[in-house]
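Novice: This note's numbering applies: residue 1 is where the sequence shown begins, and numbers increase by one.
No lab work stands behind these hints: they were computed from the structure. All of these numbers come straight from a predicted model, not from anything done at the bench. Incorrect hints may have been included.
Dumping the calculated BS3-like pairs for lysine-lysine here, alpha-carbon to alpha-carbon at most 25 Å [as the list claims (entries may be wrong)]:
1) Lys-363 to Lys-337
2) Lys-363 to Lys-338
3) Lys-42 to Lys-170
4) Lys-170 to Lys-44
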Amino acid sequence: MTIPPHSEETSLLIPLGPRSYRLHIGAGLVDRAGVLVAPLLKQKRVFVISDSHVAPLYLERLQFSLSQENINSSYIILPSGEQTKSFTILEKLLDILLAARCERRTALVALGGGVIGDLTGFAAAILLRGIDIIQIPTTLLAQVDSAIGGKTGLNTTYGKNLIGAFYQPKIVIVDITTLATLPVREIRAGYAEVVKYSCIDSQSFFNWLEIHGLQLLEGDISARHYAVRMSCAAKARLVSDDERENGPRALLNLGHTFGHALEVETGFGAELRHGEAVSVGMVLAFDLSVRLGLCPAAEAERLRSHLTAVGLPVTIRQVLALPPEPARLLAHMARDKKVHDGRMTFVLARGIGRSFLNRTVEKDQVLAVLADSAGI
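Kindly produce the complete structure, drawing on both the sequences and the hints.
Specialist: Have a look at this one:
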């Protein structure tokens, strides 16, 4: 199974009627951003929102590209890290934009990872009752997941992304060369989301990842382009079928119900990346499926082995030095956005590439899986 040669640029349509937009994937697209966004702007004025890690790397190049199309750009640099997705930072951002006389025809440009994309998208959704947002994701996790589909949000002490809105961007520009500046740990964290897509409904993609995943992590640009394109196409398909997550789009939460609980437990600190939490969460979802008699144990072991081979955690005790009592994690999970009539929604699996939704899992089964993973 070989790596298809990467093309210079791929364009995917997210078909959502009047909210449809294109996703562009390629190398060097930060330097072509001006050409790509100019036809979409209502006003040749944008505010670029970035963070203290990404701005020094790409802000100047982006602003130059915009200036070539006579687009006036101002910028706002926020602190990096998951804790930036807060009401405190949101209020500061909105105050800066209003003080600078941001108008309804002005657009925001999110230049950064998932935190910047989620926060900026939510700001765009509520500022002046809605202004345009352009997503330029610079991390693997954001490129394959959070920048696509219009989910925006903030974290609270009660859970991750519990405040937010569905608000679609005007365009998503994925420059895969930005991945070259990411630490290996960040690439691995994003890779967990790539594996997620294969586990949802594409065993053939998982087969490919087993062979070429390490090449992707080590920087092979063709492998990265192919994996990003496959992941984006999978998400585009689910989003176009179910924009507001009333049905099949919820499959994208594979591993997230468990993973978000782990993030809440750490206070969204730097010691646990979102993708690392999702990696553990996917294994827990498969283990729960095995315990319920829905999935062969060999399939869960295959997933566990691949994630371990690429350096991702697969147990709670690997990510939490002092694992809490399972009941504490279960309480975090009970506040998840996908709870229906007090029952938690789980994405379970009958095997790799065969995931489905389930709302009938009993709490004692979940507690048992959590206890095993925590070594309690």
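Novice: None of the hints should be skipped; say for each whether it holds.
Specialist: We went through each hint and held it up to the structure:
no.	hint	in the structure
1	Lys-363 to Lys-337	holds, 17 Å
2	Lys-363 to Lys-338	holds, 16 Å
3	Lys-42 to Lys-170	holds, 11 Å
4	Lys-170 to Lys-44	holds, 14 Å
The structure is consistent with each of the numbered hints, conforming to all of them.
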